[in-house]
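A.B. asks: Work the whole structure out from these sequences, hints included.
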Amino acid sequence: MAEIRVVHYLNQFFGQIGGEEKADIAPLKQDGPVGPGTALQQALDEDMKIVGTVICGDSYFNENTETALNKIIEMIKSYNPDIVIAGPGFNAGRYGMACGTVCKAVQERLNIPALTGLYEENPGTDMFKKDIYIIKTGNSAAQMRKAVPAMAKLAVKLAKGLPVGSPDEEGYFAKGIRKNVFHEKRGSARAVDMLVAKLKGEPFKTEYPMPIFDRVTPRPGVKDLSKAKIALVTSGGIVPKGNPDRIESSSASKYGKYDITGVYDLTEETYETAHGGYDPVYANQDADRVLPVDVLREMEKEGIIGSLHNVFYTTVGNGTSVANSKKFAHEIGLELKEAGVDAIILTST
Amino acid sequence: MIKELEDVADVPAVHICTVVPISKTVGANRIVPAIAIPHPLGDPKMSPEEEKALRRQIVEKALKALTTDVEEQTVF
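Keeping their order, the protein sequence lines are chains A and B. The letter at position 176 of the first sequence is residue 176 when you use my numbering, and the numbering goes up by one with no holes. The letter at position 10 of the second sequence is residue 10 when you use my numbering, and the numbering goes up by one with no holes.
Careful, some of the hints might be misleading.
Straight-line C-alpha distance at most 25 Å; calculated DSS-like pairs for lysine-lysine [unchecked claim]:
1. B:Lys61 x A:Lys227
2. B:Lys45 x A:Lys241
3. B:Lys61 x A:Lys337
4. A:Lys301 x B:Lys61
5. A:Lys337 x B:Lys64
6. B:Lys24 x A:Lys136
7. B:Lys45 x A:Lys229
8. A:Lys129 x B:Lys45
9. B:Lys45 x A:Lys326
10. A:Lys229 x B:Lys52
11. B:Lys52 x A:Lys327
12. A:Lys198 x A:Lys229
13. A:Lys241 x B:Lys52
14. A:Lys301 x B:Lys52
15. A:Lys104 x B:Lys64
16. A:Lys241 x A:Lys254
17. A:Lys229 x B:Lys3
18. B:Lys61 x A:Lys223
19. B:Lys64 x A:Lys198
20. B:Lys64 x A:Lys327
21. A:Lys223 x B:Lys64
22. B:Lys52 x A:Lys227
23. A:Lys185 x A:Lys104
24. A:Lys153 x A:Lys185
25. A:Lys301 x B:Lys64
26. A:Lys301 x A:Lys227
27. A:Lys77 x A:Lys129
28. A:Lys327 x A:Lys337
Worth flagging that the hints you see were computed from the coordinates, not collected in a lab. All values derive from a computational prediction rather than experimental measurement.
C.D. replies: Below is the structure:
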């Protein structure tokens, strides 16, 4: 059998170009495996070869998606691959979005299989799990050794057209596809079994999970802006210089609230970012680039808005769990309600 | 965060962010696209005056979003 050609997609970090300061690099390609590609190559069958690696900066990809994607697909195509593997991207949001977008485009435009590996809370997971195979991984690169074999195993099956097992068997996120199978017990008997298990408090597995609609009803718009008190919240990690509450640069376990009474401009001397998930140079130079206090103060003075709430809330949205984010927002929301705020602006990096 | 803020504070909330698809997946009701990940409300390549004008435009758009009634997720 002829050799099966594999192309691997990586971000700037795993592609060994650099950290956040290199997150804005445009797509580039390198022959053969790079970084985690070496372990991936070992986990694949002997007749499969990583012929090339395409690398793109996470910020570049997300800020220039169309351009980046076209270039990446062109580079992938130049290797004439039979399958594309992206990541794994773990809980890195921008990387996960890139892996998902690339895999989906590979399937649609090149008509070959593609897969990635992501953590369940990665935004790329929800966005792409119905379109592509996404192997479930842990939330950080520490889980690389577990992620690679699972991804390789599925890649072998997809590349060779072998039957793919259920999401549980293979370890991928359910794609929402139902397969008809013959079962030894009829449906009514299985339903009664489940009910009995439920009544006994025993575990059981539904055959038809109900979708979860996690949406919030949009509140009506502000009627009179000139009387409204506006609050600022950010996940971009803006804090007073020195980060007095020591908010973590990733996987934040807390948020901060800071009084900005009499503050009309966030300067290099007074504010900075605690965020470790983007290049901090620009936010450290001028934190208004993330938290627009200067402009809102102007508008307050001009009477366009009633007032800017004198406390701003901040956390670091970098691999921070959904549970923590929700908890922070719940507490912040209660305080803002108490303070009689009329509208909220949340900024994210 | 954006959903919980809107729900608990019971007031309209707008999400200014660069990666709009993430905000959509998360479920923000009012979304205003920003400039770039490390500087959502600025552009270091511009002069300070131009940059502030750009920031003001985005904030104005956010305020417009906050005064607009929406039925579903809306990108302004």
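A.B. asks: In ascending order, which of the hints set out earlier in this document are inconsistent with the structure?
C.D. replies: Hints 7, 8, 9, 11, 12, 15, 19, 20, 23 and 24 contradicted; others consistent.
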